[in-house]
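Engineer: Sequence:
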Amino acid sequence: GTSYDTISLLLRAWPDAIKEKDLDDRTPLYIACEKGASLNVISLLLESWPDAIKVKHKQYRTPLHAACGSEASLDTISLLLRAWPDAVKEKDCNHQTPLHTACVQGKSLDVISLLLHTWPDAAKKANKWGETPLHAACYSGASFDIISLLV
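Counting from 1, position 85 in the sequence shown corresponds to residue 85 in my numbering; the numbering is continuous, with no gaps.
List time: in silico DSSO-like cross-link candidates among lysine-lysine, alpha-carbon distance up to 27 Å: (1) K89 x K19; (2) K89 x K125; (3) K56 x K128; (4) K56 x K124; (5) K21 x K54; (6) K91 x K19; (7) K89 x K128; (8) K21 x K35; (9) K58 x K124; (10) K89 x K35; (11) K56 x K21; (12) K54 x K125; (13) K128 x K91; (14) K58 x K19; (15) K91 x K125; (16) K35 x K91; (17) K89 x K124; (18) K35 x K128; (19) K56 x K91.
Please keep in mind that the hints were generated in silico from the structure rather than gathered at the bench.
Given these sequences and hints, build the entire structure.
Structural biologist: As structure tokens, then:
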């Protein structure tokens, strides 16, 4: 991935670049979350524009959705939740919460636990096809421990 130094240099050269969106309405923070960028890069982007955490792309996905669907670390997901705790309640165009996304992606027990601890009712939320995070976890072959958390 792109280094912290490169991102920092680009932001110094054009500070407002942080607010630019691509054709899918993705901000640099969203893309970094989607690509599993390092904690340092995510932190730099958040510090540069804290409100980026609330900017959704055209399918109503937040940076937290993107991180939960990528190789993002527990620390990165925790940082995003600290920046906007209610992001855990946001639904995309398919009515999927970040917990759905994390379960589909097969994220770790620690990530699933963190999301559930932040919003316990997330386990009860169905997407537009009537599937709960438990459905997603079963589909992705989640561990017994994750299934136990969701029931």
